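Work out the full structure, taking the sequences as your base and the hints as a guide.
Heads up: the sequence lines are chains A and F, in that order. For the first sequence, this note's numbering gives the first residue as 16, with consecutive numbering after it. For the second sequence, this note's numbering gives the first residue as 103, with consecutive numbering after it.
By construction, these hints were calculated from the structure, which means they are not laboratory data. Heads up, some of the hints might be wrong.
[As the list claims (entries may be wrong)] Below are the DSS-like pairs computed for lysine-lysine, each with C-alpha atoms no more than 30 Å apart in a straight line: (1) A:116 <-> A:145; (2) F:268 <-> A:147; (3) A:145 <-> F:260; (4) F:260 <-> A:182; (5) A:145 <-> F:216; (6) A:122 <-> F:260; (7) A:147 <-> A:116; (8) A:182 <-> A:317; (9) A:62 <-> A:116.
From a predicted model like this one, the values you see are computed outputs, not experimental measurements.
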Amino acid sequence: MANISIRNVSKSYGALNVLRPFSLEIENGEFVVLVGPSGCGKSTMLKILAGLEPATEGQIFIGDREVTDLAPGDRDIAMVFQNYALYPHLTVRQNIGFGLKMRGTDKTEIDRRVDDAARILEVTPYLDRKPKDLSGGQRQRVALGRAIVRQPQAFLMDEPLSNLDAKLRVHMRAEIGALHKRIGVTTVYVTHDQVEAMTMADRVVIMQGGIIQQIAAPDELFNNPANLFVAGFIGSPGMNFLNAELRDGKLTAFGQQISLPRATSGQGPVVVGLRPEHLVLGDAPVTFGVRPTLVESLGSEKYVYFDSEGARIADGEEGKSKGLIARVSHTGSLPRDEEIRLGFDPAQLYLFDQKTGERL
Amino acid sequence: MRRTLAQSLALYATVIFTLVMILFPVYWLLVTALSTTDELYRLPPTFWPDNPQWDVFARVWAAKPILLWLWNSMLAAVGSVALSMLVSVSAGYALSRYSMRGGATMGLFVLTAKMLPATLLVIPLFSIFSSFGLIGSLWTLVLAHSTMIIPFATWMLKGYFDTIPKELEQAAMVDGCSPIGAMVRVVLPIATPGLAATALYAFVLSWADYAYARTFLVNSPDNWTANLGITTMQGEYVTYWNDIAAASVFIALPIIAIYLFLERYLVGGLTAGAEK
Numbered sequence: 016m017a018n019i020s021i022r023n024v025s026k027s028y029g030a031l032n033v034l035r036p037f038s039l040e041i042e043n044g045e046f047v048v049l050v051g052p053s054g055c056g057k058s059t060m061l062k063i064l065a066g067l068e069p070a071t072e073g074q075i076f077i078g079d080r081e082v083t084d085l086a087p088g089d090r091d092i093a094m095v096f097q098n099y100a101l102y103p104h105l106t107v108r109q110n111i112g113f114g115l116k117m118r119g120t121d122k123t124e125i126d127r128r129v130d131d132a133a134r135i136l137e138v139t140p141y142l143d144r145k146p147k148d149l150s151g152g153q154r155q156r157v158a159l160g161r162a163i164v165r166q167p168q169a170f171l172m173d174e175p176l177s178n179l180d181a182k183l184r185v186h187m188r189a190e191i192g193a194l195h196k197r198i199g200v201t202t203v204y205v206t207h208d209q210v211e212a213m214t215m216a217d218r219v220v221i222m223q224g225g226i227i228q229q230i231a232a233p234d235e236l237f238n239n240p241a242n243l244f245v246a247g248f249i250g251s252p253g254m255n256f257l258n259a260e261l262r263d264g265k266l267t268a269f270g271q272q273i274s275l276p277r278a279t280s281g282q283g284p285v286v287v288g289l290r291p292e293h294l295v296l297g298d299a300p301v302t303f304g305v306r307p308t309l310v311e312s313l314g315s316e317k318y319v320y321f322d323s324e325g326a327r328i329a330d331g332e333e334g335k336s337k338g339l340i341a342r343v344s345h346t347g348s349l350p351r352d353e354e355i356r357l358g359f360d361p362a363q364l365y366l367f368d369q370k371t372g373e374r375l
Numbered sequence: 103m104r105r106t107l108a109q110s111l112a113l114y115a116t117v118i119f120t121l122v123m124i125l126f127p128v129y130w131l132l133v134t135a136l137s138t139t140d141e142l143y144r145l146p147p148t149f150w151p152d153n154p155q156w157d158v159f160a161r162v163w164a165a166k167p168i169l170l171w172l173w174n175s176m177l178a179a180v181g182s183v184a185l186s187m188l189v190s191v192s193a194g195y196a197l198s199r200y201s202m203r204g205g206a207t208m209g210l211f212v213l214t215a216k217m218l219p220a221t222l223l224v225i226p227l228f229s230i231f232s233s234f235g236l237i238g239s240l241w242t243l244v245l246a247h248s249t250m251i252i253p254f255a256t257w258m259l260k261g262y263f264d265t266i267p268k269e270l271e272q273a274a275m276v277d278g279c280s281p282i283g284a285m286v287r288v289v290l291p292i293a294t295p296g297l298a299a300t301a302l303y304a305f306v307l308s309w310a311d312y313a314y315a316r317t318f319l320v321n322s323p324d325n326w327t328a329n330l331g332i333t334t335m336q337g338e339y340v341t342y343w344n345d346i347a348a349a350s351v352f353i354a355l356p357i358i359a360i361y362l363f364l365e366r367y368l369v370g371g372l373t374a375g376a377e378k
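Take a look at the structure:
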């Protein structure tokens, strides 16, 4: 086990920069998730960390050892791939033991460690099967087994759950979390799924366009997003955004002047962010009337979609122009096209610079 | 979905027609071998000889060095397969996995070599082999057949390697393999059906050659291949077609045996990739 230090690593293909200088210190035993939309550079960063792609610039240290120019096999890391990448011509036992065999480990030692790993991941009954005879979840366990059997300095996981169905994904998510607690190996995990990032990570690195947007613990990201992108990416459904005017600590939105409880230095056009769960039915410090355009019931709660002047769509969510969303607890029925009153507490508003997208 | 009677009839008619088209020449070869010379020239032809001459095989086997010819064909084919697989596997793998400046163009250029007819290359190859003193040696066939096989085999294998996910090699490299190690330990074992199909293709191409053998080996009877040997059985005044047909049966047998042996890999090779 070791800490990982990524120092100013960048990657470009000719004139195309896929990764801007990227620096990150990962503590020994930490579970760090890189998350972002496709093409944000997260998988590229993981491949550079694994040695499968060379960095254009920068250095990588695992423990005290610089590994920037080492071959993948010399970095003492293990990787779990999205499509599992199990060797189809080898049995489960041979798959798990392959890395040890390549390192010249003694045969009896390989058997002992493969048996241990198989027991931890509950794949012992399948040790003599080929990967094609396993279910998706079993294959994923074998891929994890191949990683843990080597007792590497770090695990790298590239969207390991995205090929599983929703139910199994939740289950494996918990298993990976438990496995990390049990063996405590430093883990870098890449996903595009913010739920995975929020539930599994000690710290989350949010990326977009090859640039780190924010590095923080999950709750911190949710409560204090650094910019519009992070605010829109974290949370489900995503944060509502409205264009509004800010003058002398007063905000013009939802057809009224709203006094902000906190002093804000900004003036002029801003983007207001309001989480769907911070909207309530009925009385609140600020209320306004809307006609829902759509009401989705999830049983215990309802998503109320409505339009409002100035509503804007979060970055990267083009096409989801359903307007604003309120996530309300309500067991009765909410008729569409009949006016209802929604409210919120202005203390829960987020303000962003309209030009830079930075939090004010 | 159940087939209607008309569909079934059409299906069976197509299958039977195709089988007849493919198998009739083989059947006629056998009929020719078993017929007497008189019967061969009789009109209308008989579809089964009145008096099958089963001893023709033993007679031809004794009269002609069939075994030597087969052995030479086998050496040339095995040599061509070995050389062209060595080159094609490396080239196909590189074309599939590594992007290099001009790589795709180079790959297509390799394929254009296949579009030239073999006869076009006979004269330059003859001149090259002469200057190396190779004329009359089976090495000429190994090299000449490889020029025919490599371009197509490279592309066949490239296509096959393209169906194997890159992550498998990446996983092997993370597990401690070198790039070559990952290819040998992981990619090639998985590519067995593709390799078998390509090798069979290469073997058949070499086995079936006549033009190169005739040009490079005609003055070296000890190195005659089966196809070349058979044509020498054609006489200036009289040709015993039944003897030639009998010799042809001997020559067809090895290829059928190899096909039967490789068939299970071959079918896998032709259908693999369809499901991905």
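Consistency of the hints with the structure:
1. A:116 <-> A:145: OK: residue 116 of chain A and residue 145 of chain A at ~18 Å, within 30 Å.
2. F:268 <-> A:147: Holds - the C-alpha atoms of residue 147 of chain A and residue 268 of chain F are around 18 Å apart, at most 30 Å.
3. A:145 <-> F:260: 26 Å, holds
4. F:260 <-> A:182: This hinted pair is violated, its Cα atoms lying about 38 Å apart.
5. A:145 <-> F:216: Judged against 30 Å, a Cα distance of about 39 Å means the pair is violated.
6. A:122 <-> F:260: 36 Å, violated
7. A:147 <-> A:116: 22 Å, holds
8. A:182 <-> A:317: Holds - the C-alpha atoms of residue 317 of chain A and residue 182 of chain A are around 22 Å apart, at most 30 Å.
9. A:62 <-> A:116: Between residue 62 of chain A and residue 116 of chain A the Cα gap is close to 23 Å, so the pair holds against 30 Å.
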